[in-house]
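Undergrad: Numbering (my numbering), first residue to last: 85 to 414.
A few of these clues could be false.
[To be verified] Okay, derived cross-link-like pairs now, SDA-like style, lysine to any residue, Cα gap no bigger than 20 Å in a straight line:
id, residue 1, residue 2
1, K267, D191
2, K224, K92
3, K366, D211
4, K92, R104
5, K224, K96
6, K267, K92
7, K92, E122
8, K326, E368
9, K92, E169
10, K403, P334
11, K224, A305
12, K225, H198
13, K403, N250
14, K403, D252
15, K96, E273
16, K236, Y285
17, K267, L108
18, K224, N250
19, K267, E122
20, K346, T331
No lab work stands behind these hints: they were computed from the structure.
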Amino acid sequence: MLYPLKFKPILKERIWGGDRLKSLFNLEENNTGTPIGECWSLSAVEGSLSVVENGFLAGNNITELVEIYMGDLVGDSIYQKFGIEFPLLIKLIDTNEFLSVQVHPDDEMAKERHHAFGKSEFWYMIDSQDDSQIITGFNKKLTRKEYIASVKRGGLRSSLQYVDVNRDDFIYIPSRSLHSLGKGLFLVEIQQTSDVTYRVYDWDRVDAQGKGRELHLDLAADTIDFDADPLNLESLQIEEDKVQELTSNPYFEVNRLFLTQKLEREFLENDSFRLYICLDGKVELHTLNNDPVYLGTGETALIPASLPGVNLRPIDKAKVLEVLNPKPLI
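Let the sequences and hints guide you as you build the complete structure.
TA: Structure representation (structure tokens):
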């Protein structure tokens, strides 16, 4: 019988990364001085496949599990649409500098250009500094021609929309939206399974060899939706022991749970896996005929679609995100 699955963290070095992920995963003794910017908590991206670390399925990667268990793991409608590719990528991100200003293609563009999925994403701020900001597009309407002219004359920075950000803020970023994360942020990113990014501007950074990272100006110009409305950073007053919906979009639904006592979640009406991401505190996941699975801060568990529900029991208090596919994807 399937059970709640935990996965080994996949750490990614990034030029803009910080030290929090090293501390969270006890890597200080092996510190090479290279900043770690991302932990891929659950990934089906080729070359970075997540591997189970608990129970009798330990050592199997996520793609192998979907191939074996199919709809019992992810849900029948999800398996029919995506096959053996798990549809979501979950990251923890730690920023010590601004990330590149970037944009991602939608599904149609990504399929045509890269034989891949597009990338829509969601950010939840676990922590921030007083001066932390994000970029949420342009500060005024630009045409494609005006945008290209701004890039060529080096004036893009003055055309960007900078937004102050605080702990527990969140934002949904559809594909084709220009965006960036600023410094001093620790967050969860929930996104489609895709690693396609077009960099527009990288703050004139260079590596140890004096080389800047590749930019993708032409691809980005053909991708940005210049008619899109501004992105909205949101916040929601925390309510204890309630299910608070943060986003429901064509790719996933995200709910927030601030737990002070046990909470039962039944899944009988939704043909989908569930993910639980512990943002703060500690929580035990109890499911039918299985041993409890413990989640600490920064850890993620996958609840297979075949399980009828889960009982979440915080150890003292816990802040948790719940992620699922909101409707059949056929």
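Undergrad: With reference to the structure, classify each hint as holding or not holding.
TA: Status of the hints after comparison with the structure:
In summary, the hint linking K267 to D191 is not supported, as the alpha carbons are separated by about 29 Å, beyond the 20 Å threshold. A distance of roughly 43 Å separates the Cα atoms of K224 and K92; the hinted pair therefore is violated under the 20 Å criterion. Of the pairs offered as hints, the one joining K366 and D211 holds, with about 17 Å between alpha carbons and a cut-off of 20 Å not exceeded. Taking the CA atoms of K92 and R104, the gap is about 17 Å. The hint holds against a cut of 20 Å.
Proposed proximity of K224 and K96 is contradicted: the alpha carbons are some 34 Å apart, above 20 Å. For the proposed pair K267 and K92, the alpha carbon gap of about 26 Å is over 20 Å, so the pair is violated. For the hint pairing K92 with E122, the CA-to-CA distance comes to about 14 Å; that is within 20 Å, so the pair holds. The straight-line distance between the Cα atoms of K326 and E368 is roughly 17 Å, inside the 20 Å bound, and the hint therefore holds.
Restraint check: the Cα-Cα separation between K92 and E169 comes to about 18 Å, which is no more than 20 Å; the hinted pair holds. Our distance criterion of 20 Å between C-alpha atoms is broken by K403 and P334, whose separation comes to about 25 Å. Pair hint K224 plus A305 holds up; C-alpha atoms about 16 Å apart against a cutoff of 20 Å. Between K225 and H198 the alpha-carbon distance is near 29 Å, which puts this suggested pair outside the 20 Å criterion.
The suggested pairing of K403 with N250 holds, with an alpha-carbon distance near 16 Å, which does not exceed 20 Å. Between K403 and D252 the alpha-carbon distance is near 10 Å, which keeps this suggested pair within the 20 Å criterion. Restraint check: the Cα-Cα separation between K96 and E273 comes to about 14 Å, which is no more than 20 Å; the hinted pair holds. With a C-alpha separation of about 11 Å, the suggested pairing of K236 with Y285 holds against the 20 Å cut-off.
For the given pair, K267 sits about 18 Å from L108 by alpha-carbon distance, which is consistent with the 20 Å threshold. A C-alpha spacing of about 24 Å is found between K224 and N250, which places the hinted pair above 20 Å, so the restraint is violated. Of the pairs offered as hints, the one joining K267 and E122 holds, with about 14 Å between alpha carbons and a cut-off of 20 Å not exceeded. Distance hint between K346 and T331 is unfulfilled; the C-alpha atoms sit about 23 Å from each other, more than 20 Å.
The structure fails to meet hints 1, 2, 5, 6, 10, 12, 18 and 20 from the earlier list, while all remaining hints are met.
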